[in-house]
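Here the structure of chain A is known, so what remains is to put chain B in place on it, guided by the hints.
Take a look at the letters that make up each chain.
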Amino acid sequence: MSQTNGQTGGQTAVHHGRTLDLKLCIWRQPGPRAEGRMVEYDLPGVSEDMSFLEMLDLLNERLIAKEQEPVAFEHDCREGICGSCGMMINGQAHGPQLGTATCQLHMRKFNSGDVIEIEPWRAAAFPIVRDLVVNRSALDRIVEAGGYISVTAGAAPEANIIPVPKPVADAAFDAAACIGCGACVAACPNGAAQLFTAAKVAHLNLLPQGQAERFSRTEAMVERMEEFFGSCTFHGECEAACPKRISLENIVLMNGDYVRAKFKNRRLAGRR
Amino acid sequence: MIHLDPAVPDGPIEQKWDQHKFEMKLVAPHNRRRFEVIVVGTGLAGGAAAATLGELGYKVKAFTFHDSPRRAHSIAAQGGINAAKNYRGDGDSVQRLFYDTVKGGDFRAREANVYRLAQLSVNIIDQCVAQGVPFAREYGGLLDTRSFGGTQVSRTFYARGQTGQQLLLGAYSALARQVEAGNVELFDRSEMLDVVVKDGRACGIVVRNLHTGQIVSHAAHAVVLATGGYGNVFYLSTNAKASNASAIWRAHRKGAALANPCYTQIHPTCIPASDEFQSKLTLMSESLRNDGRIWVPEEFGDPRPPNQIPESERDYYLERRYPAFGNLVPRDVASRAAKREVDAGRGVGPLKNGVYLDFKTAVERLGRNTIEERYGNLFEMYERITDEDPYQVPMRIYPAVHYTMGGLWVDYNLMSTIPGLFVGGEANFSDHGANRLGASALMQGLADGYFVLPYTVPNYLAGMLGQAPIPADDPVFRAAEAEVADRTQRYLSTGGTRSVDDLHRELGKIMWDNCGMARSREGLEKAISEIAALRVEFDRDLRVLGSADTLNQSLEKAGRVDDFFELAGLLCRDALHREESCGGHFRVEHQTEEGEALRDDDHFAYAAAWEYAGPGAEPILNKEPLEFDHVHLAQRSYK
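For the record, the sequence lines run as chains A and B.
1 is the number of the first residue of the first sequence in my numbering; add one for each residue after it.
1 is the number of the first residue of the second sequence in my numbering; add one for each residue after it.
Pulled out of the complex, with its shape left as it was, chain A reads as follows:
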């Protein structure tokens, strides 16, 4: 892994004012069925305090001034939580800073003269819509298959009736922190969505409230996932690319529950 952990801050690290001159190579593709290609752009005068997306904003403003169509890319909150943004930056999902979504990556991680290659997520399940924008709807289909606890509004018992041990709540939270950006799929050589699916499964399967549907959920979600995505061969690239540092351990938990689901769900079926 050539990623850095980004812990370069500290008391004296404020050095505002440096500007970078960059060469960008960006995937341009006018539409879903059109042919795409890498296009080079010179971008001088980038402030190091800009975020990566502000750098692209700057490029787009300059393109519009030259009457060229701007580069399409997804973004929204720009705080690393909505999961909209994401691109391959020099071959790495979300770029060189570990545990950081593209919008939180700042240009001070780059140097003047750098050539930066920017491509969309590449995965069979994520067809390209335009330039750097892909369609990630397959992730929603996985959640629809069972990524919930079935509780109707108004039917919930008093919240403190089930104590949840703090370590359990914390572990569930760690899994639930997934932002659904799809970097795990893009980083995987197989285009698998195991880490995404496992994060949702683990979040719910760890909690007492999630036990009733634990095995039916796991089976349904895994099987829906397999309709769209490749198979997991445990490369671990997903964990390295994840901006929320979702752990591979969740996949172990999901696989265990999936095997047990096959046994449990069959036994329940036999009883009927």
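Check before you lean on any hint, since a few could be wrong.
[To be verified] With a Cα cut of at most 27 Å, we get these calculated DSSO-like pairs of lysine-lysine: (1) A/Lys-166 with B/Lys-85; (2) B/Lys-198 with B/Lys-59; (3) A/Lys-66 with A/Lys-23; (4) B/Lys-59 with A/Lys-109; (5) A/Lys-66 with B/Lys-509; (6) B/Lys-339 with B/Lys-360; (7) B/Lys-639 with B/Lys-339; (8) B/Lys-198 with B/Lys-623; (9) B/Lys-254 with B/Lys-352.
To be clear, the hints were calculated from the coordinates, so they are not data collected in a lab.
Same frame as chain A, now just chain B:
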């Protein structure tokens, strides 16, 4: 003039909602499939409403302009959600949450709505815990809470600094379950560009598919808008980049009154802007004020780094001026205090545009681990953006536009002045009066979505049993589609020289300079004329490249900014007419000797519901008088 009927039920305030639930009409389970409901927006209010109406058995169509319902901006809420559970035994109650909210809102909210909100707050926590929302817990396994601004009890439930994310994922999962069950049909990448009204009732919407450009109509018996706030009218705000006012503005143009647009919340703790390319501002959760202490150097323009300034030369101005609430005064008060320090020349940082938020005492008292557990993700986010480590050096913060209390006027049933058009969450003019307390937006969004709209929408539908929706090929839909297509084409064919962002940034600057934290008659009049002039420039010199039949992000933005121009004008007019200061609306002409907001209850204790009078015409003011029977009108004091 519009007839504003708040439709507040009779009876004692504690019993209004229960009594109303009993009196509302029901739809029998077998009849529910015969009713179609459109929900626009899939954040906390919209996602929860669509899921719950689906659970009940109505035929729901849910629309989001994102690629997934989970991207709605509710996801970015950090600090927490209030509920009157009183798990701490520290004196909280429904009554107290109600009181705090009315007072925090500077007495400009409707009492009956706020009381209902406080009552429902406890159900929200139950619902979310049952859904698997991983709230913070204590070692005994029970739910943890923390304090927030404007209160003296600890009633804020939280999930680290990502409470909005976890609550939205809960609502999204409930919605996903209904999509799978076939009760909700989900339309992603579909931006609502008009509301369709026939015979005085909302009967559907027109949407544009953002991938294909296709313009399509959808008909229904009722329409729910839950499309968020309009903070991006200021260009720089903590809102997500795509957050916009088009849905509510289009509804306004079709006859829905828009109330109190000048009530905008400037959040005190955001990372100060660093340069002209700044695309948005980042919030640092209010929860940080639990443990962080706000200060500026006593000496003007002190050049020393913060850690070299001794305690005796620091001014902890909030603790000094407001000893009872200290760093936890409400947002409007904290923001104005910060502005005062910076304007006086005591600002800190390279651009002298911030104040310090210091965790030194907290780290010493609680240890780094505790602070990391409470705020770890926020500290990390701060470091990424500023390249400074807040465990070592104080954060620099400054106020930024964050939330809009104004919105479409709604009655007690959350129905706008257009029958059949309901509005939930930040999009309505809400329960927060002139200032929202921290951790109350999530509470209101979920109360509207899970517990209010699922009762009040069926009450409206019940009267339409046996009626089919107006068909989506009715001429009224065709006309709306043509208008949307014309507008879209107009942006493409202007053929000017200025990008949408360029014009939007300029609009934002006019708004921030003249209609931000301090407003004056002179500034507002200037803003109104500058906005009009810039609007002419927009119509004449806009440059949008590409076509309408593919993904075209500039084209999407053009429509949103176009609507922001009109809204900006109304916002300034509202601010101009309100000759008082209250909550987030501060008129320099109306302040106490100590610089606090000075209300004028004799003349302005009303909600200003503006009515659209046609392009270029002066909007018409309608007033809903506000009565305070339970919380007595008083000058707010947090001393």
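The hints, checked one at a time:
1. A distance of roughly 20 Å separates the Cα atoms of A/Lys-166 and B/Lys-85; the hinted pair therefore holds under the 27 Å criterion.
2. Restraint check for B/Lys-198 and B/Lys-59: the C-alpha separation of about 21 Å stays at or below 27 Å, so the hint holds.
3. Restraint check for A/Lys-66 and A/Lys-23: satisfied, since their Cα atoms lie roughly 17 Å apart, inside the 27 Å limit.
4. For the given pair, B/Lys-59 sits about 50 Å from A/Lys-109 by alpha-carbon distance, which is inconsistent with the 27 Å threshold.
5. Between A/Lys-66 and B/Lys-509, the direct Cα distance comes to roughly 25 Å. Compliance with the 27 Å bound is thereby established for this hinted pair.
6. At roughly 23 Å between alpha-carbon atoms, B/Lys-339 and B/Lys-360 fall within 27 Å of each other, so this suggested pair holds.
7. Proximity of B/Lys-639 to B/Lys-339 is assessed by CA-CA distance (about 19 Å); at most 27 Å being required, the pair is judged to hold.
8. For the hint linking B/Lys-198 to B/Lys-623, the alpha-carbon distance of about 26 Å falls within 27 Å, and the restraint holds.
9. Between B/Lys-254 and B/Lys-352 the alpha-carbon distance is near 45 Å, which puts this suggested pair outside the 27 Å criterion.
Violated hints, in rising order: 4, 9; the structure is consistent with all others.
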